[in-house]
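Going down the list, the protein sequences come from chains A and B.
If you count the first sequence from 1, position 234 lands on 234 in this note's numbering, and the numbers rise without skipping.
If you want this note's numbering, it's the 1-based position in the second sequence plus 254.
Simulated from the structure, these hints should not be mistaken for lab results.
You can trust all of the hints, since none of them are fake.
To spell it out: a stretch of chain B is covered by chain A in this simulated footprint if at least three of its residues, at any positions, have a beta carbon under 8 Å from a beta carbon of chain A; those stretches are:
| # | segment |
| --- | --- |
| 1 | 275-288 |
| 2 | 366-379 |
| 3 | 388-402 |
Where a beta carbon is used, it is the ideal one built from N, C-alpha and C, also for glycine.
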Amino acid sequence: MTHQSATIVEEDLHAYVDGLLPETRRAEVESFLAANPKEAERVRAYQKQKEALRALFDPILDEPIPPELLHPQRRWSWPVLRYAAIVAWITLGGTLGWLLRGADSRKPDEQPNGFARQAAIAHAVYSPEVRHPVEVGRDQEDHLVAWLSKRVGAPLKPPHLSQLGFELVGGRLLPGNQGPVAQFMYQDEKGQRLTLYVRIDPGTKRETAFRYTHEGNVGVFYWLDGPFGYALSGEMKKEELLQIANAIYHQLNP
Amino acid sequence: MSAAEEITALIPRLRRYARALTGDRSFADDLVQDTLERAWGRIYLWRPGSDLRAWLFTIMHNLHVNQARTRRSEDSIDLRNEPMEFAARPSQEERLEIRDLTMALRRLPDEQREVLLLVGLEEMSYQEAAKALAVPLGTVMSRLSRGRERLRALMSEGSNAPQLRVVK
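Please construct the entire structure, taking both the sequences and the accompanying hints into account.
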């Protein structure tokens, strides 16, 4: 790699091989190569490498595209199946719970099968969704707010978490024990997702502190704020999740 | 062209790169599928007008780095001497040369192979490759230079190696 001419450097030789040099520079490299047979041989070897790569792999461009790449919905549909399995599992749990009624005197929100757990399950079901993580996207935020507020029966507004690096993806409506529940989904730039699960119980006037529980990897902070019950779920460190829960609480109670 | 159409139009190129990168048809198509799923799931993060191809190759690069790390820790089988699947149907006399190239490619470090393929197959400029791999331009240049030289050495070594008389 010793160059007689100081003006031609290693990068020029590669740019020559790759056809990235302007005309004048190319001529300079060519005269350099004419005077340096060893370097010329090396450059020829690199050119042959490139040609061989193209010859070997270009035919892939003409192969028919496997249908699963064109219609990835096949793989995207599996969370629906998983949801069905989880619903079956909850139903079984509910039946067992009914059979064991009286054995657990805790308030419904504190029971393992309660609000926080449902939030964690809804998070686990929808947060990995690629194609349809939400029913209504943030591009229709007004519609999302109006629709969910109407269905849930109280004015709802998704908090904005941009300052914490999470953008609203959108929301969906889910069945809950006491009527419809709203789920808002957020995502940061690494693709990490959070969900905020909100239900309304007009009869409740309680306020509670943050409570924490987890289902598998999904951590949940949940709290009651008058008629609203909130559960924030995410697969992240407890402290990080708490910071976000705090931000949400302060946004909802300015 | 909509983003969806653009992504679809890029699938053959993603497949070509993935095959050359992994040396295995099913690994490669899984990688493409993961890349597409990730891209669809984040399509709203992509800014219209920015380079969709660079974005897709960046996603694929990140997935490949993660998968390669997992594979390395999960299985210790050395694949370097396994025959690579041929994309082309080579004639008898071409077979040795192709075998040399595929085996030599496989023996390059991932980071050198990536640069070599982005530049050699995808015909990215050095700046584009730097952006797709999220490394400085100087790193792309040194990987390209070392990768090409290594490939040259491996191939000249391969053509003299007696065991290569045994054709698959």
